[in-house]
Amino acid sequence: MQELDIERRCIEIIAKSKLLPAEAVTRDKTFDELGIDSLDKINISFEVEEIFSITIPDDALGSLRTVGDVVDGVVRLRQSTSIESAAPTR
Amino acid sequence: MKRVVITGLGCVTPIGLNVPEFEDSLFHGRSGIAPFGLFPEAVEESNGLRFNQIASISGFDPDQHLASGVTTATNRTAQYAIVAARQAASQSSLMQHHAPEDIAVILGCSTGGRSSEEAETAKLYYRNARVHPLTVTRTMASAGASHVSIDLGITGPVFTLSTACASATHAIGLAFQMVRSGMATAAITGGHEAPLTWGFLRAWDSIRVVSPTSCRPFSADRDGMTLGEGAAMLTLETLDSALARNATIYGEIVGFGMSADATHITQPQSAGAAAAIRRALADAGAQPEQVGYINAHGTGTQVNDAVEAAAIHETFGPLAPTIPVSSTKGLHGHAMGATGAVEALATVLALRASQLPANVGVTQVDPTLNLDIILDQPRPADPTRDLALSNSLAFGGLNAVLAFRRYAQ
Numbered sequence: 002m003q004e005l006d007i008e009r010r011c012i013e014i015i016a017k018s019k020l021l022p023a024e025a026v027t028r029d030k031t032f033d034e035l036g037i038d039s040l041d042k043i044n045i046s047f048e049v050e051e052i053f054s055i056t057i058p059d060d061a062l063g064s065l066r067t068v069g070d071v072v073d074g075v076v077r078l079r080q081s082t083s084i085e086s087a088a089p090t091r
Numbered sequence: 087m088k089r090v091v092i093t094g095l096g097c098v099t100p101i102g103l104n105v106p107e108f109e110d111s112l113f114h115g116r117s118g119i120a121p122f123g124l125f126p127e128a129v130e131e132s133n134g135l136r137f138n139q140i141a142s143i144s145g146f147d148p149d150q151h152l153a154s155g156v157t158t159a160t161n162r163t164a165q166y167a168i169v170a171a172r173q174a175a176s177q178s179s180l181m182q183h184h185a186p187e188d189i190a191v192i193l194g195c196s197t198g199g200r201s202s203e204e205a206e207t208a209k210l211y212y213r214n215a216r217v218h219p220l221t222v223t224r225t226m227a228s229a230g231a232s233h234v235s236i237d238l239g240i241t242g243p244v245f246t247l248s249t250a251c252a253s254a255t256h257a258i259g260l261a262f263q264m265v266r267s268g269m270a271t272a273a274i275t276g277g278h279e280a281p282l283t284w285g286f287l288r289a290w291d292s293i294r295v296v297s298p299t300s301c302r303p304f305s306a307d308r309d310g311m312t313l314g315e316g317a318a319m320l321t322l323e324t325l326d327s328a329l330a331r332n333a334t335i336y337g338e339i340v341g342f343g344m345s346a347d348a349t350h351i352t353q354p355q356s357a358g359a360a361a362a363i364r365r366a367l368a369d370a371g372a373q374p375e376q377v378g379y380i381n382a383h384g385t386g387t388q389v390n391d392a393v394e395a396a397a398i399h400e401t402f403g404p405l406a407p408t409i410p411v412s413s414t415k416g417l418h419g420h421a422m423g424a425t426g427a428v429e430a431l432a433t434v435l436a437l438r439a440s441q442l443p444a445n446v447g448v449t450q451v452d453p454t455l456n457l458d459i460i461l462d463q464p465r466p467a468d469p470t471r472d473l474a475l476s477n478s479l480a481f482g483g484l485n486a487v488l489a490f491r492r493y494a495q
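Listed in order, the protein sequences are those of chains A and B. Residues 2 to 91 in our numbering are what the first sequence spells out, letter by letter. Residues 87 to 495 in our numbering are what the second sequence spells out, letter by letter.
Quick caveat, the hints were computed from the structure, so don't treat them as lab data. Hints are not guaranteed to be accurate.
[As the list claims (entries may be wrong)] Label pairs and their computed distance ranges (CB to CB):
no., chain 1, residue 1, chain 2, residue 2, range
1, A, Arg77, B, Glu130, 19 to 29 Å
2, B, Lys88, A, Asp60, 13 to 23 Å
3, B, Pro453, A, Gly63, 45 to 55 Å
4, A, Glu24, B, Val389, 30 to 40 Å
5, A, Arg77, B, Asp149, 46 to 56 Å
6, B, Gly123, A, Ala61, 44 to 54 Å
7, A, Glu24, B, Gly371, 35 to 45 Å
8, B, Gly123, A, Asp60, 44 to 54 Å
9, A, Asp41, B, Thr157, 37 to 47 Å
10, B, Ala368, A, Asp41, 51 to 61 Å
[Stated by the list, open to error] Not close to chain A: a few residues of chain B, all C-beta gaps over 12 Å, as computed:
no., residue
11, Thr158
12, Gly268
13, Ile293
14, Val295
Don't be surprised by glycine CBs; every beta carbon is placed ideally from N, CA and C.
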């Protein structure tokens, strides 16, 4: 998946989580600016993990402050050799 | 209003299947938190959880206590409730001295008969199997209170209430108010919870507040709570009633405070917690200087422990760092709707023994909290400060605080 696609998908997830217009969610925006609190962040991370088949470690979650952090984190995790599915398998 | 005293105690917990065992573990720092194995429902070779410790009850055999018909009709949560209530009722001889219609049973429970619900739902969804006919009565949250009333023959006010982690504290508080006001002459009150199912653990894993290491309340590097289960029960009656029949008095409840944060479904606010503490003190007619121990909610999460510390400072001001504080969740885990009762039991035992339990599990105390956390060993209680508070600060911003006083003849 291209990085631009990852960014677009992440923005969609974040915008949908808080019912924001997608154009209001840009890389530079902080979670504080978007009204995203810690519970929202957990929800968003859960969706991101499901869609990109990655696992976001707890300490990485704590360091996410901006939309760009999420996008960059997803790119990094997908490139990692130890990609781990977060979704339970049946 | 009448004074309300505690005349019986009972419990089924990860650190004791009765009160003497519980007390021994409490004062010897013997934790019931341990690693758990692979769940049978796990579809891979690991549970796939970020954590591997829970505080579960071992060695509890319902058939040793209950008729087979009762065991069949009940989920473990109600079984814990019945056995703990029986211990308290038996110790207090409550049923021999109070008319059954004048006794209240008020219990806290937040998840009901969860294991029964999950098992039956899984069969239904995966195999379109029939649902067991006793599923409704096993799973309903009020089953514990109903079965306690049936087991003991109590026909007064009987109900369950649910406020997440504060359920049992709210229950004890309401029972206290009913006895104090004369609505009931006695009460059996506390909480029970048996939530440690596959679905429950996975749900808590997703919200990322369970410790992947260990429960270390008030530690600088604390990283979450440990889930638990169990039940604890107290019998309450008026002081006059207890004295008239020469009952053993284990302690006194002197105040109860409640509040809601009205802000967030998970994030606590210190103002709300402080309000509940202040209201408990006001209800007790007590001054802050009289508080000699706080049994904290102290789950071990970064947020709760910081907010609770702030609330203690907001309430007590310069006195805050002088009040001994401990969380006992490092011993018995977080038993959800039962936790408030387990901690009430610990607080009552602490006052009675004049020994304040240590905050087990702490690694290095977080200095930013500026609290007097009891470390290593139980600490002798200050005889001049005979009040203790037990805090419960629940998800959804529901706060409940009980004030206890050491009873001296």
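Quiz item: Can you give the numbers of the hints that this structure goes against, from lowest to highest?
Solution: 2, 3, 6, 7, 8, 10, 13 and 14
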